[in-house]
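Those protein sequences? They're chains A and B, same order as listed. Residue 157 in our numbering sits at position 157 of the first sequence, with consecutive numbering throughout. Residue 840 in our numbering sits at position 154 of the second sequence, with consecutive numbering throughout.
Just so you know, the hints here were simulated from the structure itself, not pulled from any lab data. Careful, some of the hints might be misleading.
Each computed DSSO-like pair below joins lysine-lysine, with the alpha-carbon atoms no more than 27 Å apart [what the hints assert, rightly or not]:
hint: 1; chain 1: B; residue 1: Lys739; chain 2: A; residue 2: Lys564
hint: 2; chain 1: A; residue 1: Lys564; chain 2: B; residue 2: Lys735
hint: 3; chain 1: A; residue 1: Lys427; chain 2: B; residue 2: Lys836
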Amino acid sequence: MPTFFAAVAIYLTGALITLWMGDRRRSIGWVAWGASSLATVLILACVIQVFTSGPIIMEKALWQVPGLGASLLFRIDYLSALFLAIISIISVLVTLYAQSFMQIAHYQQQSLRYFYAVLLLFFAAVIAVVAISDLFFFFIFWEMMTLCSYLLVIYRSNDATRLRAGFKYFFMTHVATAFLFIGGLVLYLHSGSFSFTALKSAMVQMQSASPGLLHLVLGFFLLGFATKAGILPMGDWLPDAYPAAPAPASVSFAGSMTKLGIYGVIRVFCDFLPAGSHSQVWGLTIACLGAISILVGTMTALVQEDAKRLLSFHVIGQMGYIFLAIGTGIYFLPVQPVLAIIALGAGIFHLINNVCYKSCLFFVAGSVFYKVGTRDINKIGGLATILPLTAGVAVIAFLSIAGIPPFSGFSSKWLIYEATLRGGFLKPVFVILGLLAIFVSAVTLASFIKFIGSVFYGKYADNKSKAKTGDVPWSMQIPQFVLAGLCILFGLFPRLPVQWIFRALTPLFPPGFVGDASSVYGHSTLAGLELHVNDAAAGWQALPLFVVFVLCAALAFYLFRSAKVTQRADQTWFGGEPIKNEDGRYRAHSYYLPFKQIFRIRIGKYERPGVYPTIRYPDIHLKKDDFWHRLIDVDRWFYTPLVNATMRFLRFFSNTHSGLPHVYLLWMLIGALLTVILLFAFSAGK
Amino acid sequence: MRGFLFGLWQIILVLMLAPLLDGIMRKLVALVHSRIGPPVHQPYLDLLKLLGKEEMVSSPYTFFRYSAVLALAAILTSAVLVPLGAAPPMESSGDIIVFIYLVTLAAVMVVLSGITSDSPFSFIGASREVMFLLTVEPVIVVALVIMAIKAQSTQFSDVIAYHAQAPFSLSVLIAGGGLFLAIIAQMARLPFDTVEADQEIMEGPFIEQSGPKLALFKWMIYVKQLIFAAVFIAVFIPWPMFENYGLSLVTILVKMAILLLLVAVVHVVNPRLRIDQAVRFFLILLVLEIGGLAFALVGS
Numbered sequence: 001m002p003t004f005f006a007a008v009a010i011y012l013t014g015a016l017i018t019l020w021m022g023d024r025r026r027s028i029g030w031v032a033w034g035a036s037s038l039a040t041v042l043i044l045a046c047v048i049q050v051f052t053s054g055p056i057i058m059e060k061a062l063w064q065v066p067g068l069g070a071s072l073l074f075r076i077d078y079l080s081a082l083f084l085a086i087i088s089i090i091s092v093l094v095t096l097y098a099q100s101f102m103q104i105a106h107y108q109q110q111s112l113r114y115f116y117a118v119l120l121l122f123f124a125a126v127i128a129v130v131a132i133s134d135l136f137f138f139f140i141f142w143e144m145m146t147l148c149s150y151l152l153v154i155y156r157s158n159d160a161t162r163l164r165a166g167f168k169y170f171f172m173t174h175v176a177t178a179f180l181f182i183g184g185l186v187l188y189l190h191s192g193s194f195s196f197t198a199l200k201s202a203m204v205q206m207q208s209a210s211p212g213l214l215h216l217v218l219g220f221f222l223l224g225f226a227t228k229a230g231i232l233p234m235g236d237w238l239p240d241a242y243p244a245a246p247a248p249a250s251v252s253f254a255g256s257m258t259k260l261g262i263y264g265v266i267r268v269f270c271d272f273l274p275a276g277s278h279s280q281v282w283g284l285t286i287a288c289l290g291a292i293s294i295l296v297g298t299m300t301a302l303v304q305e306d307a308k309r310l311l312s313f314h315v316i317g318q319m320g321y322i323f324l325a326i327g328t329g330i331y332f333l334p335v336q337p338v339l340a341i342i343a344l345g346a347g348i349f350h351l352i353n354n355v356c357y358k359s360c361l362f363f364v365a366g367s368v369f370y371k372v373g374t375r376d377i378n379k380i381g382g383l384a385t386i387l388p389l390t391a392g393v394a395v396i397a398f399l400s401i402a403g404i405p406p407f408s409g410f411s412s413k414w415l416i417y418e419a420t421l422r423g424g425f426l427k428p429v430f431v432i433l434g435l436l437a438i439f440v441s442a443v444t445l446a447s448f449i450k451f452i453g454s455v456f457y458g459k460y461a462d463n464k465s466k467a468k469t470g471d472v473p474w475s476m477q478i479p480q481f482v483l484a485g486l487c488i489l490f491g492l493f494p495r496l497p498v499q500w501i502f503r504a505l506t507p508l509f510p511p512g513f514v515g516d517a518s519s520v521y522g523h524s525t526l527a528g529l530e531l532h533v534n535d536a537a538a539g540w541q542a543l544p545l546f547v548v549f550v551l552c553a554a555l556a557f558y559l560f561r562s563a564k565v566t567q568r569a570d571q572t573w574f575g576g577e578p579i580k581n582e583d584g585r586y587r588a589h590s591y592y593l594p595f596k597q598i599f600r601i602r603i604g605k606y607e608r609p610g611v612y613p614t615i616r617y618p619d620i621h622l623k624k625d626d627f628w629h630r631l632i633d634v635d636r637w638f639y640t641p642l643v644n645a646t647m648r649f650l651r652f653f654s655n656t657h658s659g660l661p662h663v664y665l666l667w668m669l670i671g672a673l674l675t676v677i678l679l680f681a682f683s684a685g686k
Numbered sequence: 687m688r689g690f691l692f693g694l695w696q697i698i699l700v701l702m703l704a705p706l707l708d709g710i711m712r713k714l715v716a717l718v719h720s721r722i723g724p725p726v727h728q729p730y731l732d733l734l735k736l737l738g739k740e741e742m743v744s745s746p747y748t749f750f751r752y753s754a755v756l757a758l759a760a761i762l763t764s765a766v767l768v769p770l771g772a773a774p775p776m777e778s779s780g781d782i783i784v785f786i787y788l789v790t791l792a793a794v795m796v797v798l799s800g801i802t803s804d805s806p807f808s809f810i811g812a813s814r815e816v817m818f819l820l821t822v823e824p825v826i827v828v829a830l831v832i833m834a835i836k837a838q839s840t841q842f843s844d845v846i847a848y849h850a851q852a853p854f855s856l857s858v859l860i861a862g863g864g865l866f867l868a869i870i871a872q873m874a875r876l877p878f879d880t881v882e883a884d885q886e887i888m889e890g891p892f893i894e895q896s897g898p899k900l901a902l903f904k905w906m907i908y909v910k911q912l913i914f915a916a917v918f919i920a921v922f923i924p925w926p927m928f929e930n931y932g933l934s935l936v937t938i939l940v941k942m943a944i945l946l947l948l949v950a951v952v953h954v955v956n957p958r959l960r961i962d963q964a965v966r967f968f969l970i971l972l973v974l975e976i977g978g979l980a981f982a983l984v985g986s
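Chain A with its partners taken away, still in its complex shape:
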């Protein structure tokens, strides 16, 4: 536990130092990176300790809130450790990437200290949220995380769209937190304590005593966590807030913050809630919400032409996959333990993979922005010639997110498909949800082909001349390489993370709930997943198939080279006409037009280019002297008068500083006299 506190302290110290360092634009990034890598080493030490010698539990609370059953108590169990590992690794990569990225002209006017200090504070809050075991302080750290992320969204705040996105984010997440808080309070009324163990027993009690109220509480929790996770319809803030934030901040949201929504769902619905009829109701709800997010998020991503907005909609879609898997798992907890564990494991595995490839893609979008200064993919093209390594990384991440073997996205999606289809043998609705997931996987592929094709390949766009030559700096390359490497590693050896996830999940359930890992995932140790549910087997062993693939590729390459033909470089054939580069470009907008037209919502004259419901928030224009306007304008009736009065008083008071010694003597005399009079007055009263 001291290691963990040291890690938090290092993040906080890093935040203070960066705040103090001011505008040393180069060194400030290295300080932030140093702090987060040091903290990461410590956190990983904690994680290893948890996985080798059991959960780290604090015996005595750090601080007991008097009169309230709340205490600052940390507890790192297997599930927390898993999330801690993800978050800490992302924090190192993000700060390393930010080092060069934040030097671009776009942020030249801004002071970097507010970025780095807030970023480090954000990571401190995030790891505290994962490790805390008291709901009261959970809310405090949760709120700290939300506020920090709000500040990151509105960084470079001289921009109206950013402020608007930031406000939307601020508003929606706070409404969500309010729901969380109400749910927590209802539970508190039943338990008398905010500690997780007390809440757990309160839920057991409520399940039989007041099932209706428990439904309400669970609904509030789900609403709160789903909003943070970006699940539709509550996740409407996400496609606006992500593009507004700087690329490193978007990565840290995609890599850590939205995942905490999943952490919360697992904590509440698997850990607190005992398996029973409640799990079935809410499991199905979660799975359906996930399926809606998958469909709407990804179909909307298909029509986006802003690189980061496209990725943001994919965040919604991918979170939908995770929700679908976890909902399926929760649904089958009471009836089919093995299937439930497979589904929950699939969800967390997909979460880990999602962190890898989605962060990688956000990094790639950032690198493209770094090079060409625009995010509009209609205006970019042919970047693979100047960014060859970034293009390679982008292709790996794209194949992974699209669920193409042998990359990591396929392994987790395969588990999700198997879990939903097998669940569907028992409860048919899951077949439909699973098929939806399979269909949308192809849409993901389509959307990223558009992204890759129009950003990296095709004709050079005009802005190529403006771009600096050479690939992005190494500090931006390394995070991309690390994440792409993980995509390949987890794809070829899916058993590796799955084994860990299995160990993280089983302690949440009573002992003997399922057997050991080999009874769920088969006996092969390194590469393979073999499922046996209800006598039906299915396997996905990446390594043997990859060996076959390599052999086939060698054979194909032999055929390719067998005749030893000569090569000749030549122009592209345009039907015999000389053609300007610009005329021969196939823009991002043109991809899949017939398909997009089918999925266009058209009612009379009203037409939308997608299925995404954009909610137009009414612009509230109050009259200047309206009572309500005056009431919400706290500045006007409280702060400004207060500040003015204070300033007036101080100005008046400064008149006493005349600089003449005898005036000071006079004041001292008056003061002494007043003291004497007061003393007499009080002692006489006694």
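Starting from the known structure of chain A, fit chain B onto it as the hints suggest.
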């Protein structure tokens, strides 16, 4: 290990037989056209010719040069998961879902070769290929999932074993019909050869491919044709079944020829659909298939 070696044998078999199947197909098309047509071994000659031709490189990207190799490798890898006269050689390594995604990998490589070329025609072809992927793949998935639900398993051998003894039901007929139409699209035959569409966009994604690259792509298409025919036959027409491997292989080839005759008839009598028509067609087919799925779920 035995499965692995058998898998390698099946890969070689598929690679060698696939052009022959296309030769038979051409002969059948010519038959329906009342032409003489090229000899059955013509595809081999075509491939040999192309492998020896000069390779033109009109684009600087890596995927432009090597996606043909990867596409052929992907489709050959999927061959080890397909039943061809016996149970799939490496079934424990992958089930129906893995098979579908390996085929998708091959399609992705075709698309990548299209988008890494500079020609707008190849971009249009790639875009069409993806739209086909979006609409044809779900039809195949739903058709196979219907069978999986019937057999309560996602492995080919279980599906075949179940189907061989179960009577035909409505959902199986719907699944079979859907898969047949989807296979025509996968084989790039009329009325669904919209992706390549020679007369329209000049082979689409392959317009800038030449020499050995084009040969590998053609070979990939032949192999894909054979594999999908094998899947259709194994899942929907498993009879008559023989214990003897050689005998069942021969039966499968005969059944393939019959299937190809059907495909050839459809190919000859239909004009090409426009891309939006094709997309609509398959979306409607998808709705029908989901109806079939509903039948399967209620047990008929």
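message = I'd like to know which numbered hints this structure contradicts. Please list them from smallest to largest.
response = none
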